[in-house]
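Given next are the chains, with one letter for each unit.
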Amino acid sequence: MPKWKAYHRPQHVQEALATLAHYQGRARIVAGGTDLFVELLNAPAPFEALVDITAIPELRTVRRDGPWIVVGSAVTHAEIVASPLIRRHGTALAEGCSVIGGPQVRNVATLGGNVVHALPAADGTIALLALDAEAQVASSGAGRRWIPLSHLFLGPGQSAVDATREVLTALRFRATAEREASAFGRVMRPQGVALPILAVAVAVRLDASGQGIERARVSLGPVAPVPFRSRRAEARLRGAPTSPDTYRQAAEAALEECSPRTSRYRATREYREEMITTLLPRVVEVAVARARGEAWARPRLEAVDHFSSFGAWRAPS
Amino acid sequence: MPTLRMNVNGQPVEVDVVPDAFLAHVLRYRLGLTGTKIGCEEAECGACTVLIDGQPVNSCIFPALKAHGTRVVTIEGLSNGELHPLQQAFVEWGAVQCGFCTPGVIMVAKALLDRSPAPTEEAIRAALKDTYCRCGCYLEMVDAILVASGQAPRHTAINGHPPASPKALRAVGRPLPRPDAVAKVTGQAKYTDDYAFPNMLYGATLRSAYPHARLVRVETHRAKALPGVHAVLTAEDIPGEKHHGLMFDDWPVLCYDKVRYVGDAIAIVAADTPEIARRALELIDVEYDPLPVVTTPQEALAPGAPKVHGGGNLLKHIKVRKGDVEAGFAEADVIVERDYHTPMYEHAFLEPECAIARVAEDGRIEVIVGSQIPYEDRRQIARSLGVPEDHVRVKGAFVGGGFGGKEDIAGQIHAALLARATGQPVKILYSRQESLRVHPKRHATWIRVRLGATRDGRLVAAEVDILGDAGAYASLSDKVMTRAATHAAGPYDIPHVRVDCYTAYTNNPPAGAFRGFGVTQSAFAIESTLDVMAHELGRDPLELRLRNALRPGATTSTGQVLRESVGLVSCLEHVGHHLRSEQGPEWWHPFPNPDDPARVRAWGLAACYKNTGLGGGAPDWGSAEVEVLEDGRAVVRTAAAEIGQGLPAVLAIIVAEELGIPYEHIEVALPDTDTTPDGGPTTASRQTYINGNAARMAAQRVRDILAWAACEALGAPQAELVFRDGLITARGRAMAVGEAARMALEAGRRPVARARFEAPPTQPLGQGGDMHVGFSFGVQAALVEVDTRTGEVAVLKVVNAHDIGRAINMLGLLGQIRGGIIMGIGNALTEEYPVDEGIPFCTTLSRYKMPSIRHAPEIITFLVEDELPSGPYGAKGVGEIASIPTAAAVANAVYHAVGIRVTKTPLDQDWLLRALRGQQGTPSAKPRHHGGHQGHQGNEEHAVPQRGPKDVPFLPGQTRGTDAHNEFGRRQA
Ligand SMILES: Cc1cc2nc3c(=O)[nH]c(=O)nc-3n(C[C@H](O)[C@H](O)[C@H](O)COP(=O)(O)OP(=O)(O)OC[C@H]3O[C@@H](n4cnc5c(N)ncnc54)[C@H](O)[C@@H]3O)c2cc1C
Ligand code: FES
Ligand code: FES
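In the order they appear, the protein sequences are chains A and B. Reminder that position 24 of the first sequence reads as 23 in numbering that gives the first Met the number 0, one-by-one numbering, no gaps. Reminder that position 22 of the second sequence reads as 21 in numbering that gives the first Met the number 0, one-by-one numbering, no gaps.
All clues given are correct.
Calculated pairs, DSS-like style, for lysine-lysine (alpha carbon to alpha carbon, straight line, at most 30 Å):
| hint | chain 1 | residue 1 | chain 2 | residue 2 |
| --- | --- | --- | --- | --- |
| 1 | B | LYS166 | B | LYS796 |
| 2 | A | LYS2 | B | LYS223 |
| 3 | B | LYS223 | A | LYS4 |
| 4 | B | LYS257 | B | LYS241 |
| 5 | B | LYS241 | B | LYS223 |
| 6 | B | LYS315 | B | LYS241 |
So, partial list: chain A residues that the calculated Cβ filter (under 7 Å) puts toward chain B:
| hint | residue |
| --- | --- |
| 7 | MET0 |
| 8 | TRP3 |
| 9 | PHE36 |
| 10 | ASP51 |
| 11 | ARG188 |
| 12 | ALA266 |
In case anyone wonders, no lab produced these hints; they're calculated from the structure. Source: prediction; values computed, not measured. Yeah, the Cβ is synthetic: ideal placement off N, Cα and C, and Gly gets one too.
Use the sequences and the hints to build the structure in full.
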């Protein structure tokens, strides 16, 4: 009585879709399996077959396509961290993925899995959101379509991608231009599950003077049922001078629209709220410094393991 | 079945696999490559790490079919005849204890070195981030990896080598690799699940769905009808005693009338495959009648509480009385009182429980199990089978960690019952999740300490009330809580002491032995209170401890007058000296992280003691056998379980010392109740002391036999013979020990001897006199860093001194000390096993975080070798002591850093931050207390709280709800 009766490893997206179609909803996509298999550990599998998409070459590439950086959904976190393109243009993503699990997990866990698992605190997803990423979904009937990433999230653990019928094929975000940069930070707790108490990602573009913020994107989790973009924080940053005051105000704006929950054994609402005011300004500060090319704020991805949320960087004071 | 083709360790492999197979299973159970371990099947622990096309992955969740066409390298593929440099370095630098994590760790390290030939320590730590070692040999791993990559070790070396004791003899006191280290680094060491037998069946256990319920009906016929099922047993099928237990037989082998916790076993199944066995469990129909759940010991002892067992819920009331506390407090100038809480903790030994039983050729039942007490297992198995003990043979295997959690029966009786019922070998392997749910934990405690002192720093009275959650079954609660109580006033000479300790049944998982054995909890309370007192008195916490420390001539709380081997003062002085030279005379003052002032650092200190041996009037003995073979090698046999603590090295060193045989020529056999004499339990830090002595005595007897044979050949009297380097020499002539062994054998005397060592008698609690044969002492100072923005706490450094009597194996000793400290950091910062209405939260390992390599601080150790005359070469126990004071040292350091008194473990950053915010003003690096006249600057309110009425048995944690320190953030809805 195997848990699933077949394990397919298609070579092409079409083949994956055809296999899914063949099972009529009784087969499911798997990538690294670091979420799926752990979930199924002590539960019966609600499907008959698995369709492993990690052998599809197209889904395993990172490439530049005009203004876009396109990341295949089956690219692993380790590959993301190692990718010069992503480090440069999606620094927050490289940073977010660098803190997921250990090397063994990062060697198999994929960005697509992180997105489709749809946890409000998933590190890769939070980073993608700040990068204003789009997701490409392929389904047998409708072909492929690009949709804004935020449209994928229906609720905690609930994705709009139906992994029994569709394949998330790629994620893309715009390459970083002059005076643009992104950053990621999170607060963990040493007890219990390896998901952040709070993760924050920020992408900024500075104005020509370098002293003002032209626009910013701010994402956080878990502060809502889905990975969250704080439009108010973004509005507060837009057009504002690069100053600690601005960053603090952005955090206050974020607080107005975030509703972090008290979760037993993890964190209280109060703590999460305070972490928003603590971490968000910090991540904005790092992103701004990066956009200016300040050396202290360079990502330190080779030692991905910071003791403290603030461990990696020190602004010269 | 699909065919999987891959290259494993350079060989093409073709194997048909089921579609849902994971690579770890295929490697272990199909290809026999059992060096790859399985610790969790959740991608959490890293024990299953193998390389796929050069990259480390967790093979437990790597679908086997995904490995198609890849190159897989396992630990077995690393050495071809010769050890890989990593393996060699792991052996030499003590980076192996129980060895269960070792293959996974080495595979990660291999991948790291392949990519980065000379990694920094930071890179090593990042690579091993999610590869856990419960024994805590992280610093040794760092050193081993540095050495293997041609760099200098940073943690363990003195002059480039692991250090020897200043008192080292030829073998005793040297840093010697464990005899089993090579087997462990190569993946050859066999743990129970690594054994397989033809026709072996797989057992599975049906667990209770409720924490407390009457069993109305258990219906098994659907399960029995399932093809592939060979037996389904319930309580009715137990031929002998239906209960087991280490002290009281209160634990049903299979439940029949009611269930008392969610780990209770109701039925067991043996089937052709583990999958069928699990499926069969689903076909067993159980009808429950749920009963009200007793969730805390406070509730258990309240009037009218539902009864967990037939009698009352009070399992034991333990009293310690010394002097007259009323008079003592009357003498006191300052009295402080605090409440503490420590939750349940999980052992999280990396190897889940496993037992294999089979009917041997001679009709007896043979059980292979990695247990801490082989002979006790035999007794309990035989009783339930209804056969004499010698109809059961218990054979040990390598044990992937125990820490007290493998003293109670797990699957061994079940496997034996199933083997007897089916006539086939039966393996019962717990999944990690089952292990988390079933085996006894560390007692949750609520402790109130009241301490009185005179202005000049003399402790005059201590009152401690302890309430311990025994959970559903007694296990060792009586003994554990007794130890908590007897040690509750700390290693101090306090004239007036009263301790009352209650432990009660609840419907939580049972609590039993866990490294520290109750002292972990009470030490946290008393050592925290000692710092509160130091603060109130405006004194240096170190001086306060020195002033009151147990010394020779002092009397413990139980009335034991200590005669010798009391190295506490020396430990305090070592640590104090280090603190003052590193940090200055006011070593407790906080200081900022130079790069980031919002992170505040400070030192904190704690001391402790821990008995060696069972004590309390229990006969404590062990036996060992030593044989010298004709090839000059020697074998030591004792059924004393090695669970990673390093006993084989200790025994081999002692025998090497006594017989002058090179250490490498001594083999230590695994326990086997047929061939090795009873070594007693691996508990109470007793094995080095008890069986070290037994082995030494046996070796001396063998030496006499060899001498008898050699003196004629050498033409010298026995008294002149010198045993050295594998030779016996006298008057310029020499012969090999093996030759002497052969001659003795020819002359009709086999060079083998057994010895039984009996510890000096001890007294039960309450009778004064020697309750224990001796105590080890420990002092630890932790340097912590508190991030005042997030509440995060890190331990950066632990300076420690331990009096362990005498170092036998320096490598093992340092490993125990560091591993203990790292486990202590787990107590302080990362670990907790919450139970809610009888339902454990930690259903998966992902919900129970033991310290990882990230949490391993710099550790600086001073050894105090204050010999215990009755110990082998003066040695006392070290297995537990180092894990005991760490949590209090960390809590005291946090107080020094930010002025917040931590009264609950583990420290919760959420709570800490809110406590910080609740303070007047913002915390900064300002001196907190002690010394001079700055006494009351800190944040300690209510110095002398009023005590409640004394006639009611006081239950800490129940009465006072007003103490802000008892508000633990995460407990709020
Ligand atoms: C020890 C450990 C630590 C972890 N730490 C973190 C952490 O710190 N932060 C964090 O965010 N996560 C963490 N994770 C979670 C996990 O690693 C990530 O979420 C991972 O990115 C999931 O990717 P995967 O490829 O393994 O997904 P899978 O488990 O293969 O799939 C997850 C879900 O997505 C679906 N799916 C996957 N790919 C596709 C696709 N292309 N199209 C359609 N559906 C798809 C699957 O059907 C499944 O429902 C950790 C996990 C472990 C085991
Ligand atoms: S990570 Fe695979 S067994 Fe634990
Ligand atoms: S040696 Fe690492 S777990 Fe025991």
